[in-house]
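Visitor: Given the coordinates of chain A, assemble chain B onto it according to the supplied hints.
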Amino acid sequence: MGSITLKNVSKVFGEAKVIPSVDLEIKDGEFVVFVGPSGSGKSTLLRLIAGLEDVSGGQILINGKDYTNNAPADRGLAMVFQSYALYPHMSVRKNIAFPLKMAKLDQSVIDKKVGDAARILNLTDYLERRPSQLSGGQRQRVAIGRAIVREPSAFLFDEPLSNLDAALRGSMRLEITDLHHQLKTTMVYVTHDQIEAMTMADKIVVLNRGNIEQVGSPMELYKTPRNIFVAGFIGSPRMNLLDGAYAKSKGAHTVGIRPEHVTLSKESGLWKATVSVAEHLGADTFLHLNVDGIGPMTARAGGEFGATYGDTVYVTPDDSKMHRFDDKGLAIASPLTGA
Amino acid sequence: MARSVTTRQKVIATIAAWTVGLIIFFPILYTIITSFKTEPEAIAGFSLIPSGTFENYITVQTQRDYIKPFMNSVVLSVGSTILALIIAVPGAWAMAFSPTKRTKDILMWMLSTKMMPAVAVLVPIYLMFRDFGLLDSRIGLTIMLTLINLPIVIWMLYTYFREIPGEILEASRMDGAGLWQEIVYVLTPMAVPGIASTMLLNIILAWNESFWSIRLTTVEAAPLTAFIASFSSPQGLFWAKLSAASTMAIAPILILGWFSQKQLVRGLTFGAVK
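Chains as they are written, first to last, in numbering that gives the first Met the number 0: chain A, 0 to 338; chain B, 0 to 273.
Check each hint, because a few of them may be wrong.
[Stated by the list, open to error] Residues of chain A clear of chain B, computed beta-carbon distances all greater than 12 Å: (1) ARG92; (2) HIS191; (3) ARG237; (4) LYS271.
[Unchecked claim] Listed below are several chain B residues computed to face chain A (Cβ distance under 7 Å; list not exhaustive): (5) ASP104; (6) ILE167; (7) GLY175.
Quick caveat, the hints were computed from the structure, so don't treat them as lab data. Glycine included, every Cβ here is placed at the ideal spot set by N, Cα and C.
Isolated chain A, as found in the complex:
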């Protein structure tokens, strides 16, 4: 069991209202990702759930019970930190065993649980090493192991992969997702990386300046962003946001066109554009274009689309997948059902 409910939770640091007021429902077994730019309050929100910070107002319920004023250890949650936060003077075995030792379990039970966790995380051969003798990925696995053995009602991850290199980040992403499938425990995961959010989450919570901008599944956020902030934040490369006459002609203040929702041609199309940068990724080519009368724009072409700096291409947006926003930045109508 691991449901978490935030009711009207707020946090004030001195004068600064870091989190004005947040309501959120996290269901048992869900993988929820808090995503947002730095300073959006996502880490603070996680630390409030963990109990490492005291709330300034509101309630935190875990499994329906009020834990707002309980110490971190009493909440039955386990946390994985960005810096791993391993105990440097203890071996891997002792690191993983630490929460069990604190819970005063029998040594035989501790040994068994540590052994099981090590097996799940491929750490069996490293149990007698110190954290300083491990690679970044292994350290992160030890931190996860320390969280697993407690059998918490939920795992809290605070940007756990941001200290790893890109390749390792990709494989750890898979490992954590796989772990979630095995354990079926609630996971709350904080990241600023929208790719991590999209690939791992059952439910994404997009935060901006301490406010929840939108909550939904990755594809919901991708297809129907509620406002310009979410539209710009979810999706890579970023959605093109165009103001001006063209937007007006579509009955909007701003229109959003994802780079993958345009047709590119070398012969003809709606807009004429010049290539300023072409990024050839193999499978895809991202073209950074200067569109006549519109301005800069990014477009995705197939890997075979040979275009380089200075070439002229023609761009035609897919109207059926266009997003429209009013002057307050709110989405006007669901682009896929309407228009």
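Guide: Leaving out everything else, chain B in the frame of chain A:
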């Protein structure tokens, strides 16, 4: 690109370093040399070659007992250090991990007590020691040495504790460690190198302290610093014997310092390098 160093530069730097080192060490070296001279030789004038007599050491040991002040020095320096650590560890811990608006002020206030010349409080402290019967007692001097070194001990420990990442302590809190378990299992092992070098430095400071040791003791609690001073006595100044006594007084701490220099240097530069 690494900066290239020519052999000539290396030779010059080495000579310069040895020169500076020798200048700093010279007073100690000359004390040791003088201790092997006869009394007339010692007064005669500058000379680096002693006649190599052990007479002074024998005289120092037979005339006055070396063992007693030595034991006093050990008890006083170790005792005051342990006492200081018992007070300073929780104090520095609290200031490093739960700082308030006033923490910096408290630290400055403690340091400010070191800015005052000790002689300014000599009379009141002497009178207090007299009234409480603490004159020439090990307990009295231990308390005194604890108090005069406490600000430095707290400052050093505070700096060490500040280096311990907060996330690790938060992790231990999440893992169910209470305050006491956090201190015993997580904080202390991580702070041991810092505590060890603080301890070493404080032992050295206490061992070498002479202002209060000489003034608050006579015979029973007199440590080695008072022992040395006693050789500049009313009967005359015996330089060779004084040097022999000094050499015997500084030898233990010099050896301790020599063996723990790695630890000490790490301690003194802690925080400067990651």
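Visitor: So, against the hints stated earlier in the document, which numbers end up violated here?
Guide: 5
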